[in-house]
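Residue strings, one per chain:
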Amino acid sequence: MREAEYHDLSDDADYAASSQQGSSLVARTDSSKRSSLHEPGVAEILYSMDNVAMHPTRYASERIRGRLKLIRQGNSILMTWIPYKGQSSNGRFSEEDKNLYSIRAVPFTDIRSIRRHTPTLGWQYVIVVMQSGLAFPPLYFYNGGVKQFLATIKQHVFLMRSAEDANVFLVNDFHNPLQKEEGQQGGNEVGQQKTCHTEKPKITLVYSRRKNKGREREREAREERNGYKEDEGGRMFPFQVLHPQLVWLMNYPLMMITQRMLLIKSFASSFRENVSQRRKHHDPAQDLSIQVLEKFSLVTRFARDTTAQIFRDGRVGERKRDQSSPEHHPSRFEDSEKVPEVPVSPDRLEKTSSRKQSSGEEAATDVGMFELINFKEFDKLSLVWGKPRQPPLGHEEWITFLDIEGRIVDSEALRKRIFYGGMEHNMRKEIWRFLLGCHSYDSTYAEREYLVSVKKSEYEILKRQWQSISAEQAKRFTKFRERKGLIDKDVVRTDRSLSFYDGDDNSNVYLLRDILLTYSFYNFDLGYCQGMSDLLSPIVYVMRDESESFWCFVSLMERLGPNFNRDQSGMHSQLFALSKLVELLDSPLHNYFQQNDCLNYFFCFRWILIQFKREFEYEKTMRLWEVLWTHYLSEHLHLYVCVAILKRCRSKIIGEQMDFDSLLKYINELSGHIDLDAILRDAEALCICAGENGTACIPPGTPPSLPIEDASIYHQPDADIL
Amino acid sequence: MPSRRRALLKVIILGDSGYVNKKFSNQYKATIGADFLTKEVQFEDRLFTLQIWDTAGQERFQSLGVAFYRGADCCVLVYDVNVMKSFDNLNNWREEFLIQASPSDPENFPFVVIGNKIDVDGGNSRVVSEKKARAWCASKGNIPYIETSAKEGINIEDAFQVIAKNALKTGEEEEIIYLPDTIDVGSSSQQRSSGCEC
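Residue numbers (the UniProt record's numbering), protein chains in the order written: chain A, 1 to 722; chain B, 1 to 198.
In case anyone wonders, no lab produced these hints; they're calculated from the structure.
Note that the structure is a prediction, hence the values are computed from the model and not measured.
Glycine residues also receive a C-beta, built at the ideal position from the N, C-alpha and C atoms.
Don't take each hint at face value.
Said to hold, decoys possible - A few chain A residues facing chain B, derived, Cβ under 8 Å:
(1) ARG464
(2) GLN467
(3) SER470
(4) GLY531
(5) PHE602
(6) ARG606
(7) LYS665
To be verified - SDA-like, lysine to any residue: derived pairs with alpha carbons at most 25 Å apart:
(8) A:LYS665 x B:VAL128
(9) B:LYS29 x A:HIS117
(10) A:LYS489 x A:THR444
(11) B:LYS140 x B:SER102
(12) A:LYS489 x B:SER63
(13) B:LYS169 x B:SER104
(14) A:LYS147 x A:HIS117
(15) B:LYS85 x A:LEU526
(16) A:LYS665 x A:LEU526
(17) A:LYS489 x B:SER102
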């Protein structure tokens, strides 16, 4: 079996093999490490506690139990936590998955603080926060012993209770860099310490090698271009690798505890999915989680800067020396087993990861945890975080998504790309048709061309239906007259400030009118409703073609049509979902709305009815729409956008004690003052935070979800649409 | 006595879509949901803020009125003197308002009717006579009636005076109903002016 997989190594299927090997290898080095720790009498176990567990997910079956130890080795005090092997076989974690969570000999010089949690119900746990600001997942002490754990540390390391929080213990708060240097660079024990970490990059690489399936080349090209990384599902990784230990940032002061927990939960589950080879392509949570965490953590960012600084100033320099004098390597390897450059199974590494290997190695600096934060990548990262939105998709990049006959090979990747950056304006005419569903992603150029022409004549037929109504006939056709009157009135007050629609006798205004009137015959039951002209205007502006605009509008209305239901059911279900989401994601605001009788959320009516069309300038609206239409994170991202905006206004809303009326005015007047990119980032973060809980807030069939199919069979539109 | 009056008056404007707010430049857009403008009005030597609410005109949005009409002090029904249908619909609008806003005393809730666009075609295209309109207003509990041309600015200020005057009626009555014990307390007026409780 392994043989077979080796044959595939050049390509993609090595993951299973490598991970298998990796795990055994990890286990091996693990034991060798342990023996090295116990070597010439330097290592001494100060503390050992069994049944200390991590809870990567909320599922009891997926808890990982292990042994926590404090070890003294020379001058260093190290902490380790190693999961038990072979236990919880019914759990969903494989051995290698569990190993990813291991804490391997982290020196206390790298630990900033330990937070103790002693809830009255449930297990005591601690959260260990690194100098970088990153934190390990909570360690639950099933058998108690937190006090003893801290007491032991205190005996050997300077431990100080935080003045701000009695449950936070600051480690080495005086933070003497010299001491650190000493610990890292001086003497024999350093080598041993490095030993402890040698397996880490392997895990890293095992992990990152998973992303070598399929369209590796294209992805590489895209990565190069975009400066971020993608996994096998086309998901982006701003990090070299998503290591579970890296992402438990606990210092995001802007978030409330509940959100934190949500975040942790959602990250944990997404990570689990990622690790456990279930390639759920529509779960982009990983990279986002990091961004989210990052975003909310000024402290962390600061800490990370510091970390990067350390890398640059200190160890990286050392590593570079290593490279420049390769003859040192063997000896180094011998006495320290520092192997990032000479991995234990070099064949595998070379085959698939050599491309990124250098970065992986650079990351594999001396400090156990930090090998994953590569300093080069770090620079990229801060860019990604500083400007998380990407540049819009342009033509050159667009064609890389197409095969020779014009099919979109990986629609998920395309949607993701657009989700994160939108597209250049000149691409909209072509790509919007896919996003809206006029064209299927797997259609060819020829098929699309044909479809366009068929649809064009279909449109003409529909249009003739009302064009053929004579003035005489119209006199006896009140419904038609009213509809036309309404449309006539609305098109002349739709985006008239735009040169495309301004002035008298503007043919584009007539285009709006004709399309809307034709639509009201195409879907006579829904008819015309105020707001539709707002939805159509950007489409005409982009498509510049009557028939194509019409069919794009039809597709859009398949999702947004229920916004205009006579009984307002579509709007009410969205406003209801919004109230649930705010309750979940911003309970202070929810409470405020509740107390002030604002829970109907009618002040967000305009936002939802016309997809924020009146809230942003034209270009930004188009950007937002194409992002929403990707349905990449959620079909209901627009609701998270609502939450994001409200959240940003919360202090003002509550501070000024706005009642419903002043709230409505305030919300309306936000128009033109909302930073779209920032809000999208927030919305994205909130969507991830909310996770399944968020999804549960949104009843099935809530627009813009497509109607549930059964319903369309039994549903009599006449009953509620007129 | 005057200190007891509310400084902020909530006024809802209703009428068939497209007849209502055309006066505000060519840049204006159909109202989605609801919005309001505020206008300072001097009435009997005191300044009031009129909060003039415009709601989405189309029938299918009327259910939103529950929230938007809440706490209204006055409802202004506008029709186009050149369009019979807009006049015919006045009664629908009135009833719809009473259903949605459910004021405590619907019989006496202050309405004002405005016949707009008297300027159009020099009045030649007019189809609803002033007499007819006044008759209808009389039949609905003597609703004050005023004719305007928003475009030409005819009678607009007068209309606001009438609106303010009528809106104040509820204000005073409600005040007596709700706050009988605090009428003479000096802080109450302050509270009201800042509180925007309508």
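How the hints compare with the structure:
1. ARG464: violated (27 Å)
2. GLN467: Result: violated, 23 Å to nearest chain B Cβ.
3. SER470: violated (22 Å)
4. GLY531: With a minimum Cβ separation of about 6 Å from chain B (threshold 8 Å), the hint on A:GLY531 holds.
5. PHE602: holds (4 Å)
6. ARG606: At about 4 Å, which falls below the 8 Å cut-off, the nearest Cβ of chain B leaves the hint on A:ARG606 intact, so it holds.
7. LYS665: holds (6 Å)
8. A:LYS665 x B:VAL128: violated (35 Å)
9. B:LYS29 x A:HIS117: violated (56 Å)
10. A:LYS489 x A:THR444: Given that 25 Å is the threshold and the Cα spacing comes to 40 Å, the pair is violated.
11. B:LYS140 x B:SER102: holds (17 Å)
12. A:LYS489 x B:SER63: Within the cut-off at roughly 22 Å; holds.
13. B:LYS169 x B:SER104: holds (14 Å)
14. A:LYS147 x A:HIS117: Roughly 11 Å between the alpha carbons, so the hint for A:LYS147 and A:HIS117 holds.
15. B:LYS85 x A:LEU526: holds (23 Å)
16. A:LYS665 x A:LEU526: This hinted pair is violated, its Cα atoms lying about 30 Å apart.
17. A:LYS489 x B:SER102: violated (31 Å)
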